[in-house]
Amino acid sequence: MTLELRVNGADHQVEARADESLLTVLRRELGLASVRETCGIGVCGACTVLVDALPMSGCLLLAPLAEGREIRTVESLGGEDPVQRAFAERHAFQCGYCTPAMVLAAKRLLEENPSPTEEEVRLGLAGNLCRCGSYVKIVEAVLLAAGKEREWTS
Amino acid sequence: MTDARVTGAARYSEDLDLEGQLYARLVRSPVPHARVLSVDASLVPPRCVVLVPDDVRGLARYGVQIEDETVLALDRVRYVGDVVAAVAAETPREAEEAAALVQVVYEEVPAVLDVVDAVAPDAPLVHDEIALASGGAAYFGMRPQPGTNVCHRFQLHHGDVKAAWGQADVVVEETYRTPAAQHAAMEPHACVARWDGERLEVFTGTQTPFNLREELGRIFGLSADRVRVVVPLMGGSFGIKTFLRTEAIAAALARKAGRPVKLVLPRAEEWQTLNRHAAVVTMKLGALADGTLLALETTCLADTGAYADCGPGVAQKMGFAAPGPYRIPNVRVDARCVYTNLPPAGAFRGYGQMQSAWARERAVDLLAERLGLDPLDLRLRNLLRDGDTYCTGETMHDVHFAECLEAAAAAIGWREGRRGKGLSVILKGMQTPSRASIRIERDEDAGYTLRCATTEMGQGARRAITLLAAEQLEVDPDCVRFPSPDTDVVPYDTRTTSSRSTYMMACALEAAVQALREDGTMGEGEAIEQGGLDPDTGQGIASTHWHQGAAGAEVRVDEETGKVEVVRLHCAVYAGRVVNRPGAELQNEGSMIMGLGTALFEEVVAAEGQVTNANLSDYPVPSFADLPGRLTHELIEREGAEVHGLGETALPPVPAAIGNAVASLGIPVTELPLTPERVLAAAARAVEAPA
Amino acid sequence: MSTEPEWLAPASLDEALALRAERREGATVVAGGTFVGILVNSRLLAPEAFLSLQRVAGLDYIRANGDLRIGALTTHRSVELSPLVRDGWPALALAFSLVASPRVRNQATVGGVLADADYASDPPSMFIALAARVVARSVRGEREVPVDELITGFYETSLEPDELVVEVVVPGGEHHATYRKFRSRSHEDRPAVGVAACRRPGELRVVVGAVAGRPQWFPDLCDPGAAPADVARGYAEAIDPISDVSGSSEYRRRVIEVEVRRALEELA
Chain Z
1 MTLELRVNGA DHQVEARADE SLLTVLRREL GLASVRETCG IGVCGACTVL VDALPMSGCL
61 LLAPLAEGRE IRTVESLGGE DPVQRAFAER HAFQCGYCTP AMVLAAKRLL EENPSPTEEE
121 VRLGLAGNLC RCGSYVKIVE AVLLAAGKER EWTS
Chain V
155 MTDARVTGAA RYSEDLDLEG QLYARLVRSP VPHARVLSVD ASLVPPRCVV LVPDDVRGLA
215 RYGVQIEDET VLALDRVRYV GDVVAAVAAE TPREAEEAAA LVQVVYEEVP AVLDVVDAVA
275 PDAPLVHDEI ALASGGAAYF GMRPQPGTNV CHRFQLHHGD VKAAWGQADV VVEETYRTPA
335 AQHAAMEPHA CVARWDGERL EVFTGTQTPF NLREELGRIF GLSADRVRVV VPLMGGSFGI
395 KTFLRTEAIA AALARKAGRP VKLVLPRAEE WQTLNRHAAV VTMKLGALAD GTLLALETTC
455 LADTGAYADC GPGVAQKMGF AAPGPYRIPN VRVDARCVYT NLPPAGAFRG YGQMQSAWAR
515 ERAVDLLAER LGLDPLDLRL RNLLRDGDTY CTGETMHDVH FAECLEAAAA AIGWREGRRG
575 KGLSVILKGM QTPSRASIRI ERDEDAGYTL RCATTEMGQG ARRAITLLAA EQLEVDPDCV
635 RFPSPDTDVV PYDTRTTSSR STYMMACALE AAVQALREDG TMGEGEAIEQ GGLDPDTGQG
695 IASTHWHQGA AGAEVRVDEE TGKVEVVRLH CAVYAGRVVN RPGAELQNEG SMIMGLGTAL
755 FEEVVAAEGQ VTNANLSDYP VPSFADLPGR LTHELIEREG AEVHGLGETA LPPVPAAIGN
815 AVASLGIPVT ELPLTPERVL AAAARAVEAP A
Chain G
846 MSTEPEWLAP ASLDEALALR AERREGATVV AGGTFVGILV NSRLLAPEAF LSLQRVAGLD
906 YIRANGDLRI GALTTHRSVE LSPLVRDGWP ALALAFSLVA SPRVRNQATV GGVLADADYA
966 SDPPSMFIAL AARVVARSVR GEREVPVDEL ITGFYETSLE PDELVVEVVV PGGEHHATYR
1026 KFRSRSHEDR PAVGVAACRR PGELRVVVGA VAGRPQWFPD LCDPGAAPAD VARGYAEAID
1086 PISDVSGSSE YRRRVIEVEV RRALEELA
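In order, the protein sequences belong to chains Z, V and G. For the first sequence, my numbering gives the first residue as 1, with consecutive numbering after it. For the second sequence, my numbering gives the first residue as 155, with consecutive numbering after it. For the third sequence, my numbering gives the first residue as 846, with consecutive numbering after it.
Think of the hints as simulated: they come from the structure by calculation, not from any bench. Note that the Cβ used here is the ideal one computed from N, Cα and C, for glycine as well. Honestly, I wouldn't trust all of these hints.
Unchecked claim - If the Cβ cut is set under 10 Å, some of the chain Z residues that face chain V in the computed set are:
id, residue
1, R6
2, L30
3, A33
4, I41
5, L123
6, L125
7, G133
8, V136
Model the full assembly from the supplied sequences, consistent with the hints where possible.
Structural data, given as structure tokens:
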């Protein structure tokens, strides 16, 4: 079927099957490689996209469900977004495979809660996995983007 | 410019597409051990390309330490997941559907699904013969045991253990188990293969580009100049992307199709590709009443699954490090690498050290309990110091075990009360012997280009090497280019494993910079570390350079449900000289968090040989919310010290520190992971049979 | 290649009900699509058609007027964050907040979680403890079904093949409720045991989820005057728990006893 998708501010007509995920379509039809498949069951978050500003799992969203909604991927942020800058400054990544998804999830988290505690960052991002285990620095980066320093809870 | 990993511009093997490529899908065995009676692809649409056993019978066997693998399983499958056929098609979906149409007839034969059963005298044999490999990864004497499932046996004899038991005031003995685990790198295995006439090119995420070139050359009968391996950034590895995995299948399909073939493994197949060795380790320790260690005897069984991969090396390292960083006059080690009809096991961050450290450090705490000594004091009394001799006969230099352990103890407030707290300390060898080369080219724009085979999987070695090069060349790091490894261009290197790259490349760099100064335009440097152990006596040089680390943990245990909460975790690691501080910190934190998952819940579960939790819901890995309330670490440095690799050191001590913390509450756990159920069972056993 | 499934996207509830009546089991209903997404990705589901409710207006709402009424297309996240729910039915907001991740909660719907009848989901037990009922509609009309009677087994409901869940009604009135999610492994794990409990004047409901094909509720064991430990023991004896990677049957039985008691102590 032909889908009309609005992705990163531009309208696209793409061909897809109804049983294909938005993740598959973004990668194959639009070349958006920052959206990545790791688990395929909505657990890891590597395929996070913003749908009408809300993070969702690209792998669990059947592509037709994305019609009529504003889809954003990290490619739209340009690299100078405060969250991206904080990730770079805090070296909050290793292999980087999960990083675009982390950035998007963190961006929304800060929109909902501009001054989160460390605990709120941890719980808010808990559904985004980083197997390299860069979590400590990611928390620092998100707090930095919020203008805060990390304080260990104990 | 912002890092490509943050902007989404980073490209991994999975993102690489070649003009005209087909997509591959594998056909895997649903049974653990069977004769393959027939493989029938007649239902597959003719526009798909199918690779069946008859296509690959003429290709050479492979295997980095034991030559026990063929490109497809030929007449026999040896685990659930063994690849019997492969399909390439225009789209991934078409390949998937076509693969389901390949009909295979199996005749099941008895399988062996447990490492202890596999060493029993009447066990079914997974392989009838065990042929040794000759390539670069077979760097030590292999001792297969013909007519058994043991593909390598490593023994170490030091002093007289038998006599020592009689002199000991206290002897403890216990058996400790660790399960198979999955690396779960975020990016799955992904490769693209293409042929240019009789020349093969493979683009793949691998830690071992030169081993891959060697193996592909052997399989297809090609000289080294006819095989090119290019390694893009990897989305994590932790050992799973070492040696040949799926590349030969992609290459054979590509040759048959006359088109490039891309193969990306579905997530579930990662569990069928490589796991960490499950292990059963017995540990017997004897000491004098004052805590002086007299003797240690250990047997290690490493379950390498259906194919050896680098299991012999893992078992040997598990064995020679099992005695730990202690001065023990009498030591006996018997480590065996054992075939079973389970998915293959291979390199996994820590390379066997976690398994034997779990056993030894738990046993040391058990000994302390029996002796009525503080476990920290017991360790400090026996830890190796500079100039001491290890049980391999080698002299230890630049030793910092006590410093690491005391730092870990201080961080968790050990001296203020040790209930709910645990410590552990480890040593880890670096691959020995080992060789590394690097070339520096002066560019026309006054910049420099580094050519070396060190691959990037997130560990930051390439950043560290860039910084070292810039320092030695006395230029800004931005002037140093470092293209991805390409075996056509970069000089030979053993591989990016065993936390050796930064250290070895630092040594090679000095020579390369010197040569560049003399030549003006180009300089090549090489580092060679000699050594090795006799596999029958365990004597020699195990490692020219020892990784050293300690962990301290504080836990709370819900006594009613058995749930363990780690509230404090600290690791202290000897770093020599830190080159890339953020990278070093990330490696430590990442190792600790992986160790936390190992300690608390990571475990590959199989029923009748079939992995039953091959997805990231049933096999959870640690998340943000699983982190201890406080997770900290320190890099112990020494002025003028050499550079140390830090990729793995902080993982192996973590499970034992957590296990010792749980045991301090009267719950003598012996088996990982410490699921609530196991913790309750251990607590119940302690009540029934008090220590 | 397999045939491409049809995508049916009615723009109104009436149109959706007509299609549902026509296609019945032949069209898989899609609301948020998380559960369907997992099944499709895992190749456990390959329907001839999808019946998407996404364009159906008027089913995304939370209203409280004595009772709480939640439209079937309301997302988990909306329930979790709703001031109405947080003030009047805080345990329900809590149960929804513990489902998976914010990503999944942004997508998954209230109607979906009930119609899927996933044994390890958190909200169904809570709904039963709160004595909630669903409104099921078809071209034949509308009926109310207690959630306890809606979910009949592993992924099975008493919905007719032409029915859609359109609303959930949670009774108001004085009550004190809680939800406890016990995970045996990672924080991201699904529950090994989930306990929902609700006290109303003269009434107690305890419902245990994730331990059997459907939420476990034993009215006979819910004596409002009984000691928490006694109710807990009764539940542990009455339930025959499943075994899986989150815990053996025996272990779950033990945790049921602990967690039911703790839930009731919270309500004391």
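Open item on the list: Take the shortest C-beta to C-beta distance between R6/Z and chain V; is it under 10 Å?
Closed with: This interface hint is violated because 18 Å lies over the 10 Å limit.
TODO: Mind checking the CB of I41/Z against every CB in chain V and telling me if the closest is under 10 Å?
DONE: Hint holds; I41/Z Cβ to chain V Cβ min 6 Å, cut 10 Å.
- [ ] Under 10 Å, Cβ to Cβ, is where G133/Z needs to be relative to chain V, so tell me if that hint holds or is violated.
- [x] holds (3 Å)
TODO: Would you check whether L125/Z satisfies its interface hint, that is, whether its CB is within less than 10 Å of any CB in chain V?
DONE: Holds - the Cβ of L125/Z comes within 10 Å of chain V, reaching about 5 Å at its closest.
TODO: With chain V as the partner, please determine if V136/Z meets the hint condition of a C-beta pair closer than 10 Å.
DONE: holds (5 Å)
Open item on the list: Next item in the hint list is A33/Z. Is there a CB on chain V closer than 10 Å to its CB?
Closed with: holds (4 Å)
- [ ] Identify whether the interface hint at L30/Z stands, where standing means a beta carbon of chain V within less than 10 Å of its own.
- [x] Result: violated, 12 Å to nearest chain V Cβ.
Open item on the list: Please check whether L123/Z passes as an interface residue: C-beta within 10 Å of a C-beta belonging to chain V.
Closed with: Interface hint status for L123/Z: holds (6 Å vs cutoff 10 Å).
Taken one by one, the earlier hints fail for this structure at numbers 1 and 2, listed in ascending order.
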